[in-house]
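Protein chains in written order, with my numbering: chain L, 16 to 258; chain R, 2 to 181.
None of these hints come from the bench; they were simulated from the model.
Be aware that a few hints might be false.
[Said to hold, decoys possible] Where chain R lies over chain L, by a calculated footprint (3+ residues, C-beta under 8 Å):
1. 104-112
2. 115-129
3. 134-148
The beta carbon of each residue, even a glycine, is placed where N, CA and C say it ideally should be.
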Amino acid sequence: MTKPFLQIDGKPIPYTAGQTIMEAATAAGIYIPHLCHNPEFEPHGSCKLCTVKVNGRNCSACTFPAADGQDVLNDTAELNELRRTVTQLLFVEGNHLCPSCEKSGNCQLQAAAYFLGMVDAHFPFFYPARELDGSHPDILLDRDRCIFCELCVRASRDVDGKNVFAIGGRGIDSRLIVNSPSGKLADTPIAATDKAARVCPVGAILVKRRGFEVPIGERLYDRHTLAEESLEREEPIVESRHD
Amino acid sequence: MTEKLTAATTSLAGCFGCHMSLLDIDERLLALAEVASFDRSPLTDIKHCGDKVDLGLVEGGLCNAENVHTLREFRKHCRILVAVGACAINGGVPALRNHIALEECLDESYLNGIGIENPQIPNDIELPLLLNKVHPIHEVVKVDYFLPGCPPSADTIWKFLSDLAAGREPSLPRELIHYD
């Protein structure tokens with residue numbers, strides 16, 4: 016019996032039933048840029064960085080099921096330009112000031128921008144006013160850097176079982192909210208050892224007293240591209256999701 | 002011998018680190034001097050651009066009315082304009098004041114901050130008016146190239162300048178693109 020295959024950039028890729036295009040690609044060592052996707056959690060499909068063309072239609076690779084005979088375009092000038100634009104929009108809609116951020120060098124948003132060759136943000140900056148929450152003794156919440164990937168929301172709900180985070184508001188008024196009577200992180204059961212405190216791909220949620228543990232220049236994305244790191248680190252399949 | 006390029010630089014709301022990084026190209030400055038001569042620059046202390054400037058390098062963002070005036074004049078004289086460093090590209094560290102009201106910033110700095118004697122907000126006709134927010138330069142003028150970094154490394158600046166001087170379209174490999 017022949018195995019089912021799809022095609023990514025002209026290369027035949029095997030997949031198993033239930034896999035998304037992202038999972039099939041990762042298993043085959045093909046990197047599709049992404050921010051809100053993390054194989055440890057349910058796919059979210061919100062950042063749109065993983066947009067690929069499937070049989071001529073734009074789809075999110077992290078949510079779109081792999082199927083026989085799909086012709087997927089991934090690493091094309093057109094799609095990378097689109098991804099660069101999405102990344103530029105993320106930069107102007109937050110306050111991403113890398114020189115003053117201790118996540119710099121370990122930040123997936125920054126690394127995505129490096130990977131995509133982004134040298135400027137192109138659009139006028141919004142400079143939104145966002146509240147910083149330093150109330151928790153061990154965890155800092157700097158909403159300036161939040162990209163609304165909801166990884167902390169998913170981690171807190173699905174792994175930690177604490178439901179600490181949610182996204183409130185709509186559009187440009189979206190904000191990361193904290194589930195406590197005061198709205199402060201200090202009044203939640205979150206702990207520095209929780210998945211939610213460590214899953215943030217940018218510098219929005221940081222465990223305190225860890226700044227500059229690794230010097231600038233020796234950090235994750237100083238040494239490797241986002242593609243190398245993702246393919247190395249991310250397991251391709253979440254078994255429980257396909258049970 | 003072909004005519005030398007004319008280069009100019011200016012510093013707006015920045016810390017001068019990008020100019021320091023330009024000087025950090027070290028002995029390559031001699032090679033640069035072979036192909037380019039400096040017009041207006043804090044390094045030459047020439048205050049206004051000559052008529053023909055091929056390449057203008059701008060460090061810093063826009064935090065006051067004088068920055069805007071200087072940038073517009075600079076753009077008018079430069080055939081190619083380059084935003085150098087985080088402040089010119091996204092406002093940089095000065096833009097950290099953008100989610101604090103200007104009135105609060107002045108209050109903290111000059112009236113009610115810790116250790117202030119003789120509190121008064123400076124008010125002299127020679128002082129340029131502050132803008133409500135710090136802006137990157139592409140929001141006011143057309144920018145042709147961007148050199149990211151805080152500051153961009155000497156190698157980044159050199160790669161850009163040497164590409165341009167050799168008549169190549171400047172391009173930065175991934176290793177030379179850094180935002181911090």
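Each hint, compared with the structure:
1. Taking a C-beta to C-beta cut-off of 8 Å, the segment 104-112 of chain L contributes 4 residues in contact with chain R, enough for the three needed, and the coverage statement holds.
2. With 7 residues having a beta carbon nearer than 8 Å to a beta carbon of chain R, the segment 115-129 of chain L meets the requirement of three or more and the stated coverage holds.
3. Under a criterion of three residues with beta carbons nearer than 8 Å to beta carbons of chain R, the stated coverage of the segment 134-148 of chain L is upheld, 10 such residues being counted.
Going through the hint list in order, the structure satisfies each hint without exception.
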